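Top line first, the protein sequences correspond to chains A and B. What the first sequence shows, in our numbering, is residues 6 to 156, in sequence order. What the second sequence shows, in our numbering, is residues 6 to 156, in sequence order.
It cannot be assumed that every hint is accurate.
Treat identical chains as interchangeable: a pair holds within one or across any two.
[Said to hold, decoys possible] Only pairs whose alpha carbons sit at most 30 Å apart, straight line, appear in this in silico DSSO-like list of lysine-lysine:
1. K147 with K31
2. K31 with K136
3. K144 with K31
4. K95 with K128
5. K122 with K147
Worth flagging that the hints you see were computed from the coordinates, not collected in a lab. Bear in mind that the values here come from a model prediction, so they are computed numbers and not experimental data.
Number of protein chains: 2
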Amino acid sequence: MNRPLLAALTLAAAAFSLPAAAQFQKPEDAVKYRQSGMFVMANHFGRIGAMVQGRVPYDAAIATANAELVATLSKLPFAGFVEGTPGTAKGTAAPAIWTKRADFDAGAKKMQDEVAKLVAASKTNNLDNLKAAFGEVGKACKGCHDNFRNQ
Amino acid sequence: MNRPLLAALTLAAAAFSLPAAAQFQKPEDAVKYRQSGMFVMANHFGRIGAMVQGRVPYDAAIATANAELVATLSKLPFAGFVEGTPGTAKGTAAPAIWTKRADFDAGAKKMQDEVAKLVAASKTNNLDNLKAAFGEVGKACKGCHDNFRNQ
């Protein structure tokens, strides 16, 4: 196995190797952690959106910096979906997350995979590639939000 | 200039090259962004704290993964301290941030510098080194919180 791949796998394993519950002293901390991580991730995804939509000038280096941040952040929130922490208010975690956990996890992985493609697209220095990859990430976000977020 | 350094500087420049206000549609978004970023950062710093304090077994790879996350996250919240957004409640941003901005910015940089040392210490595979660097980061956090967070 090559060293960069090994390093990436080690990092990924480390990020998931503590039992989720052990990361949080209280269930409320887990909820706040996942909501905070999603909010910061959405902000940086939105900065790419501003370029894609022509609201700010296209800058490949800024797009890549933000895409790489989104990629890092995309790994974090899911540890916060610990058992027994669904919400009821609009925009909070729906009970379906825990009754259809495999589907939820597959949706999370789909998003992470599309974000990895967004990073690659951002490095092609081509706005059309960025737009296409941005759209696919957006679809992956929406797919999970439609099914697993209280409306 | 070597390539990794150049890449790091490009990334750092990109993270700060949009005017902060342009990143946020509303002042409340800036407040939520900085609070969310701080919360996620504190969680990952706390995972290292759990090792340092002997509450979970020492694992150098997990320490490094979390230290690197803290290093990435340590760059983010400060864009959210936009003009005109102090708080009044305990734990929120004190008005002094905007009246002594140079001191605040120096405090932020001190924390980021100590976090960089924490990453290096985590890679020595030596718990005593990790403990010492963890303590210095904690002091840097406290230094700013004492002066710039509403008590």
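Of the hints stated earlier, which fail here? As far as the earlier hints go, only 4 is violated by this structure.
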